[in-house]
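One-letter residues, chain by chain:
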Amino acid sequence: MAAFTLQINGKEYKTDVAADTPLLWVLRDHLGLVGTKYGCGIAQCGACTVHIDGNPVRSCTLPVSAIKSAKVTTIEGLSKNGDHPVQLAWDEVDVPQCGYCQAGQIMTAAALLKRNPKPTQQQIEDAMHGNLCRCGAYHRIREAIQSASKKL
Amino acid sequence: MSTLNKTSRRDFIKITSLTSGGLVLGFSWFGTEAAPVILNKASLAGDVNFNSYLSIATDGTITVFSPNPELGQNVMTSFPMIVAEELDADWSKVKAVQAPLDKKFDRQLTGGSGAIPHSWKRLRTAGATARYLLIAAAAKKWNVDPGECTTANSFVLHSKTGNKLSYGELAEEASKITVPADVPLKNRKDFKIIGSSVKNVENKNIATGKGMFGLDFYREGMVYAMIQRPTAFGTKIKSVDDAAAKAMPGIIDVITFKNNVAVVGKSTWEVMKARKVLKVEYEKDGNIESTAGHNQLFISMLNSDKPTERRKDGDVETAFKSAAKVITSEYQCPFLPHSPMEPMNFFADVRADEVELIGATQTPGSARTAVSKLLNIPEEKISVTITRLGGGFGRRLKFDFVTEAAELSSILKKPVKLIWSKEDDMTGGSYRPAVRYRFEAALDASGNLIGYKLRGAGINVGNSTRENNFPSGAVDNLLIETVDHQSPITTGAWRAPVTNFLAFAEQSFIDEVAMAAGKDPVQFRLDLLQKARTTPVGAINYNIDRMETVIKTAAEKSGWGTKKGVSQGFSVYFSHQSYVAQVGEVVMKDGKPVLKKVYAVSDCGEVINKSGALQQVMGAIVDGYGHAMYGKLSFKDGAPEQTNFHNYRMIRMKEIPEVEAYFIDNGIDPTGLGEPALPPTGGAVANAIFKATGIRLKQQPFIDEKLFNPA
Ligand code: FES
Ligand code: FES
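Chains as they are written, first to last, in our numbering: chain A, 1 to 152; chain B, 1 to 711.
Just so you know, the hints here were simulated from the structure itself, not pulled from any lab data.
Among the clues, some could well be false.
Each computed BS3-like pair below joins lysine-lysine, with the alpha-carbon atoms no more than 30 Å apart [stated by the list, open to error]: (1) A:Lys150 x B:Lys706; (2) B:Lys95 x A:Lys80; (3) B:Lys266 x A:Lys71.
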C-alpha cells in the first residue's frame, strides 16, 4: 500500500492503495466515482476512458502510480452541469441504448473534438475505433459527434 | 453512496399518495385484465390486484411506475408515453420510476420482445381511466356535463364557460370518484405522443455518468468477491491450494463451494490479483468437447436415423423422387457469448430475517424463487431491486450470478458484491448454441417448389427450427426435423433465440432455390406467399398479408433490381410477432465485398416511440451483421479459445453499414422490436455478397471464409 494524491476533476483526492492498482478501480472502489466503467480490463473496449491532461486514456490499464501530478478528468467532471457540447449532443441525437459504454464514448469524443474541432467522418471513425458499443449505437454516436462539432 | 434505496410496495404507497394527496391509480401492468383501482387506505386494506401505479400529485407531477427491467430497449420511455397519450398529459411533467420486485409482478421480465405487447392495452386503460376521473372531478366542480369537457396538456377544459383546471388541481377530487368499469380509448388518429420521437428519459443521467448500473451499486460494509469457475466444460475441482491467495493483501477469505472457488476481499483489484495466485486443479467430470469434434458430430447428426419430427406435410418422398431439380445445402454457425458491456454482477445481503438482492437482471422473479429454494428462505423475505442493465441480449435471463452472490453472502454472513470479469463472462457459459442445418428443395419442371426438407442439428438447443414459420404452409410436401446433442457446454437464449441464425440459413437457401428455379428472389418469395394464401398447407404462424407488405415495401424503397453499381441481397423474417424485410447492398473494394447499406422495412404494429424504434432497428442490424461477420467462440479440450475482446472480435464504428429504416403504418396493436430486426440481416448480407461475387457464404463468421482471406 502507498499513499497517492490525485488531481481529479479539479479536486484533490487522497487514496491509499497498492501502486499497481489501475486508476479505474481507484475511481470506482475507493473514490466513489462510478461513472467510469469496467468493460474488459485490457484496453480493448474503451468503457473506462478518462482524460489525463486532456488526452483520452484507458484507465483500466493505467496504474495509479503512473499518474503523479497529471490532471485526471472523468465523466463526472467533464462539465459542471452536464452541458458539455458532446453531452448535450448525446441527448439531442438520443444516442444511448443500454448506456453502459456511453461515458467512455463521450470521453473519447470530447477529447477528439478538443484536438480537432472539425473532424471528417473518417477521423471520427478512427478516433472512436477503440470504443465498443455492444448495443450497436454507432450511427448515433457518430451523428452526435458531428452535431457537437458543428456547434463548436 | 447507496444510490438505490430499498422501497417496498408499502413504502411507495406511503411516499406517493397517502402523505402527499393527489390521485393514485393502481393497475395491472401484465396479467389480469382487472380495472384500475384508486389506491387509498380503504382499498389497500383489502386484497388489491395491481402491480403498477400511475400517480398525479397535486403539483401536477405524473409518475408512472415501471416494473419492467430496462436494458436498453427503452421501456422506461415508451411505457410512460402510452399512459401519457391516453391521459392527454403534458409530457414534460411525466416521470418514469423503475420498480423493485413486488411479489404480484407476474411478468417482470425482459426477453422475447414481449414487454410492449403485454402492456399496451393495460397502460392505455390506466391513462384513460385517470383522464375520466379528472374530467369527472372538473365537471362536478363546474356543475357541467362531463361530455362537454375536453383535455389537453394536463388540463381539463370547458370551452363554453372558458373554465380550465390543471390535473394537479383536480387530482385530490378525482381520487374520490368511482372508477368506471369501462373507459373508451382514443382513436389512433388523435395520437399526439404515440408515434412521435421522444428522447430516452435517462439520457442525462447516462451522459453524466450517474451510478445507475448493477456494478455501480455500493453499500457500506460490503465485500467484493470473484469466482474461479472450471476453465473447461466437463471438469470439476480436484484440489484447491488457496494459501497464497489468502495471504495476499486485502483478502478476507477464499471459499470453495460447489465447483466454485470464491476469492473475497476489500476491493475489486485486490481480489483480481489474488485470483491469479490461486492454484486449482480440475479433473474430468463429463464429456470434454472441442469445436473440431462438433464439426464431425454435426455430420453424423445430420445423417441420424433417429431425428425428432417437428412437422410433416404431404408426401415428401414422392415429391423428391418426381423432382426435376433437387437443391441441397448446409449452413453452420458457431457458439456465441452474449458479451453485454456490463459483465455479470450482483449484490446480495443474506441476513437471518431478510434477504436483499440488488442488481441487473432480466428475470427478478425467477431469481428470487431460485434464491428462496437454494437458501430455504420464504420468498416474502426476499426483496429484489433492479438496477439499469448494461445490456442483456438474453444473458441476464439466467440468474446463476444472483444465486452465487446469495450463496456467498449466506456463507460469509456479510453483504457481498459478486463481480464476474469480462473473461469470466466470455468463458463462463450460457452461449448461443452452435447449429448446423441441412436444407433440401425439390423443384418441378416449371421451377415450382414442390418439396422442402429441413433438418437442424444443434448442441443444447432443443428445437433448432421454427416449424410453423415461412415457408411452411406454402409447400405441399414438407418435412422438418431436429437432432440435438447434450453437451456440458451450457447454452441459453441469445437475442432472437434460434432465429438469429436460422433466418440467415433459411433466407440464404431460399435465394439458392430461387436462382435454381430461374426466378427473381423477391418474386419467388411473393409467389410462395401467394401459394400459402390460395392453397395453405397445415398450420401457419405468420400473417401472409403482413409479410407480403414488408417484402413489397422493401423492394420498392431499395429500388430492387434497378440499381447500378451495387449488388443487392434480399431477406425477410417473421419473429416475435413482427415482420422485417431487409435489402443489403454490397460493393467490391480491393477485391473484397463491403456492406454499404441495409434497407429495413418493419411491421411491428403501432410504433410507440419513433426515435426508440429506429434505434432498435439500427442496433439490431449492427448486431446481426457484426456477429454474422465476426462472431466466433470455439472450443479446445472443453475450454473456450476466445476469452476477451482482444481475441473475440466485435464490430466497430468503421465497419457499420448505412441503415435506412421504414415502418409499416397499419395501426395494429404493437409487437416487439428488440429482436425482430436482427434475424434477417445475415441473409440480406450473404445474398448481396453472392450477387457481388458468386460465392455463397454458408458458415459464420463470414470473416473466416476464403473470400476475406485470399492467400
Ligand atoms: S475496461 Fe478499459 S478498455 Fe475496456
Ligand atoms: S449503449 Fe449499450 S453498449 Fe453502448
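Verification of the supplied hints:
no. : hint                : result
1   : A:Lys150 x B:Lys706 : violated (42 Å)
2   : B:Lys95 x A:Lys80   : holds (24 Å)
3   : B:Lys266 x A:Lys71  : holds (27 Å)
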